[in-house]
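Visitor: So you can see what is in the structure, the chains are spelled out below.
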Amino acid sequence: MRVLIAEDHALLRDGLIRLLEAHDFEVVEAVDNGPRLVPALVEHRPDVAVVDVRLPPTFTDEGLKAAIDARTQVPGLPILVLSQYVEQLYARELLTGGGGGVGYLLKDRVSNVADFLDAVRRVAGGGTAMDPDVIGQLLARSTKDSPISRLTPRESEVLGLMAEGRSNAAVASALFVTEKAVSKHTNNIFAKLDLPPSEDDNRRVMAVLTYLSSR
Amino acid sequence: MSTVATTEAPPMRYPKFAQPWIALFLAILAELGIALFVLSVVSVPLIAVWVGIPLLLVVVPTARWFANCHRTIMAGFLGERIPRPYKQPPIPGMLMRLRTILTDPQTWRDIAWLLVNAVIGFTLCLLSAVLFLATLFYLVYPLLVGVTPKGVFTEPFGGLFTVNFWTSFVMMPVALVAFLIWQAAGERLLKANAFLARSLLGPTESARLAMRVRELSESRAETVDTQAAELRRIERDLHDGAQARLAALSMNLGMAEEMVARDPAQAAALLTEARESASTALSELRDLVRGIHPPVLADRGLEGAVKALALTCPFTVDVTFDVPGRPHAPVESAAYFAVAECLANAVKYSAATNAWIQITHEDEKLHMIVGDDGVGGATVKPGGGLYGIERRLAAFDGTLTVVSPNAGPTTVIMELPCESSSLKTTPSSGTA
Numbered sequence: 001m002r003v004l005i006a007e008d009h010a011l012l013r014d015g016l017i018r019l020l021e022a023h024d025f026e027v028v029e030a031v032d033n034g035p036r037l038v039p040a041l042v043e044h045r046p047d048v049a050v051v052d053v054r055l056p057p058t059f060t061d062e063g064l065k066a067a068i069d070a071r072t073q074v075p076g077l078p079i080l081v082l083s084q085y086v087e088q089l090y091a092r093e094l095l096t097g098g099g100g101g102v103g104y105l106l107k108d109r110v111s112n113v114a115d116f117l118d119a120v121r122r123v124a125g126g127g128t129a130m131d132p133d134v135i136g137q138l139l140a141r142s143t144k145d146s147p148i149s150r151l152t153p154r155e156s157e158v159l160g161l162m163a164e165g166r167s168n169a170a171v172a173s174a175l176f177v178t179e180k181a182v183s184k185h186t187n188n189i190f191a192k193l194d195l196p197p198s199e200d201d202n203r204r205v206m207a208v209l210t211y212l213s214s215r
Numbered sequence: 001m002s003t004v005a006t007t008e009a010p011p012m013r014y015p016k017f018a019q020p021w022i023a024l025f026l027a028i029l030a031e032l033g034i035a036l037f038v039l040s041v042v043s044v045p046l047i048a049v050w051v052g053i054p055l056l057l058v059v060v061p062t063a064r065w066f067a068n069c070h071r072t073i074m075a076g077f078l079g080e081r082i083p084r085p086y087k088q089p090p091i092p093g094m095l096m097r098l099r100t101i102l103t104d105p106q107t108w109r110d111i112a113w114l115l116v117n118a119v120i121g122f123t124l125c126l127l128s129a130v131l132f133l134a135t136l137f138y139l140v141y142p143l144l145v146g147v148t149p150k151g152v153f154t155e156p157f158g159g160l161f162t163v164n165f166w167t168s169f170v171m172m173p174v175a176l177v178a179f180l181i182w183q184a185a186g187e188r189l190l191k192a193n194a195f196l197a198r199s200l201l202g203p204t205e206s207a208r209l210a211m212r213v214r215e216l217s218e219s220r221a222e223t224v225d226t227q228a229a230e231l232r233r234i235e236r237d238l239h240d241g242a243q244a245r246l247a248a249l250s251m252n253l254g255m256a257e258e259m260v261a262r263d264p265a266q267a268a269a270l271l272t273e274a275r276e277s278a279s280t281a282l283s284e285l286r287d288l289v290r291g292i293h294p295p296v297l298a299d300r301g302l303e304g305a306v307k308a309l310a311l312t313c314p315f316t317v318d319v320t321f322d323v324p325g326r327p328h329a330p331v332e333s334a335a336y337f338a339v340a341e342c343l344a345n346a347v348k349y350s351a352a353t354n355a356w357i358q359i360t361h362e363d364e365k366l367h368m369i370v371g372d373d374g375v376g377g378a379t380v381k382p383g384g385g386l387y388g389i390e391r392r393l394a395a396f397d398g399t400l401t402v403v404s405p406n407a408g409p410t411t412v413i414m415e416l417p418c419e420s421s422s423l424k425t426t427p428s429s430g431t432a
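So the sequences go chain by chain: S and E. Here the first sequence is numbered in UniProt numbering, starting from 1 and rising by one per residue. Here the second sequence is numbered in UniProt numbering, starting from 1 and rising by one per residue.
Be aware that a few hints might be false.
[Claimed, not checked] Derived, one-sided and incomplete: chain S residues facing chain E with beta-carbon distance under 8 Å:
no.	residue
1	Asp24
2	Thr60
3	Tyr85
4	Glu93
5	Gln137
6	Asn168
7	Leu175
Keep in mind the hints are simulated off the structure, nothing from the lab. We put the beta carbon where it would ideally sit given N, CA and C, even for glycine.
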C-alpha cells in the first residue's frame, strides 16, 4: 500500500516511516512543509496520506487546509490527519466535504501500533477514523431534549465506537460481546436517532457523525 | 461612558423647577463657606504658635467635606462626576498628615474656591434663584398689595410710583419678563457656576496624571501577580505531572531493556506500561498548552477559537463576529480567555439552554457580549470568576459590566481598547 507522509518534525517523520515500512507499507514521499504537500498529494495519488495538522511555514493549520484542498481537487483522496490536540471544529471541517477516506487522530494514538495501523487501513479503504476524544466530546454535548439522551449507556458506547469508524465485528471484539448483539444495539440506535438503515458501513458512520455535529 | 458625546455637554440632572431652590440653597452655603475660608486663612500663620496645627487638622477636613458635598451637587449640574483629587499621606502619623495637607495643592485650591464661591458663585446662584422667585413674586403682587398694610408693597421700584390693589396688575408683565429671562439664562448661570467650581475643585492636569499613574501601577501590580501565579501553576503542573511521568517512563524503559533477553514477557509488560505513561504525560502536556495558549487561537484567531469554544458547550451558542482582521496577540488572548470564562460560568451556574456571543469592533474598542437565558444572579465579587476577568481586562484598560437579574437572563458586556491600526489582516484565509 502506497503512503505519503507530511510531518515537519524529523524524529517523528522517521518514526512514522519506520513504523509503516515495517508493516509492508510503501512510503512514496515524506514532505516536511505545507506548500509542498498539495502538489505531492496530487502527483502521487497515494492510497493513503498521513498528515500533521501543523506544518511550516506558518505552523498553524496548514496540514488540515492542504488536506481539505487536496480532497476538493481529488475527491475521496484518503487522508489521515494527525494532531497534537483534537479540535471539534477541525473534525467537522474534514467531514463536511463528504465522502469517506478521512481520519483525524491524536498523535499519541500512534503509540498503540495495532490500533494506529488499523485506522490507516480503514481510511485507505474509504472508511473513517475519528479520535475517541472527538466522539467523547460530541456525546457529552447531548442535552436533555436531544435524541442521544434516549440511548442506554451500552448503546452510547456502541455509538461511540461506531462513530470512530469501527465495523460491527471490531465493536463486538472491543466490548467483548457477540456481533449479533452489536447489530441489535445498532438497530436500536438507528431507530432512536431516526436514521434509515443502510448496508454501507461508511455511510452509516457519516450519517451518525453528521447528525452529531450538525446539532 | 460613550466616547462619541465629547463635543456636547451632558444634560443637567435636576428637574427644571427644582433648580431655583437648589440655587438658593447653594447661595446660602456659599456664605457659610466664608467662615471656613477665614478659619483656614487664620490657622496657617497660627502654626507658628502651635495653635494652628490642631486648628488646621479640624478645619481642612471640614473644608474638604464641604467641598465634596459641592462636588456631588455640582456633578448634577454638569452631568458628570468631579473627581476628588486629594493626596493620601504616604505613612500614618499626625505630622505626616499635616505635611500632606500643606503640600497638597488641592488644599489651597479648595481655599481659593471658598472665596470665589462666596463672591462669584453666590452671585450666580442668587441671580438664577432670584429670577425665578421674581416671577412668583410679581404673579402674586396684587394679592400682596391687598393683604399688606399701605406703604409696604404699594410703592414698587423704590417708590417710583404708587399703586393700589387694582392698578397693581400693571406689574404682571414683569413676571412674564422675569420668567422669560430665567427660562433663557437660569440654567446657564448654574452651569457657569458649576464650571467655575470644577476648574478649582477638579484635579489639575498633574493631579489627573498622578491619579492615572496610581491606577496604572495598581493594575500592573495585579497583572504581575497574576503572571507570577500562572508561572507557579505551570511549574507545579509540569513538575508533578509530565516530568514525573517521563521519569517513570525512562525507568520502565531501562528495566525493559535490561530484561528483554532474560524475560521477554515481563519486558513486554513493562513496555506497555511505559507507553501508557507516555500517553498520559502527553495528554497532561496538551491540557497545559491549552491553558497557556489554546492552539486553535493561534491557528484561527479569535473567530475560530470562539466558534470552537461554542462547539464544546452543552447548549447551543450563537456566535456573531464582526472584526476586520486580527487584534494584537495579547489583546486577542485576553479577549479569548474572557469569553471562555464567561461561557464556563454559564455552563457551571446558569442552567441555560441557549447562549449568544457577539464580538464587534467599534470606536477603537473590541466589544464582547456574552449572554445566556439561564437563572441569572451573577455578580462580580472578589475571588470570583467574573472578578478575575475584570482584573485581566483592567490590565488592558478594558471594562466589564454584568447585567444579571435574579430570574435571568445574564448579559456580560466587555470592552477592550483595540486600535484599528493595530488590527492585522488575517494571513492566508481559505487555502494555504
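Visitor: Under 8 Å is the threshold here; is the Cβ of asparagine 168 (chain S) close enough to any Cβ of chain E for the hint to stand?
Guide: With a closest approach of 27 Å, the asparagine 168 (chain S) hint is violated.
Visitor: Does glutamate 93 (chain S) pass the interface hint, meaning its C-beta sits closer than 8 Å to a C-beta of chain E?
Guide: 10 Å, violated
Visitor: Given a cut of 8 Å on the nearest C-beta pair, is the interface hint for leucine 175 (chain S) held or broken against chain E?
Guide: 21 Å, violated
Visitor: Holds or violated: glutamine 137 (chain S) as interface residue toward chain E, Cβ cutoff 8 Å?
Guide: 6 Å, holds
Visitor: Go through the hint on aspartate 24 (chain S) and say holds or violated, using the shortest Cβ distance to chain E against 8 Å.
Guide: Violated, because the Cβ-Cβ distance from aspartate 24 (chain S) to chain E comes to roughly 22 Å (cut-off 8 Å).
Visitor: At a threshold of 8 Å, is the proposed contact between threonine 60 (chain S) and chain E supported by beta-carbon distances?
Guide: 4 Å, holds
Visitor: Is the shortest C-beta separation between tyrosine 85 (chain S) and chain E less than 8 Å?
Guide: 5 Å, holds
Hint compliance for this structure: hints 1, 4, 6 and 7 are not met, and every other hint is.
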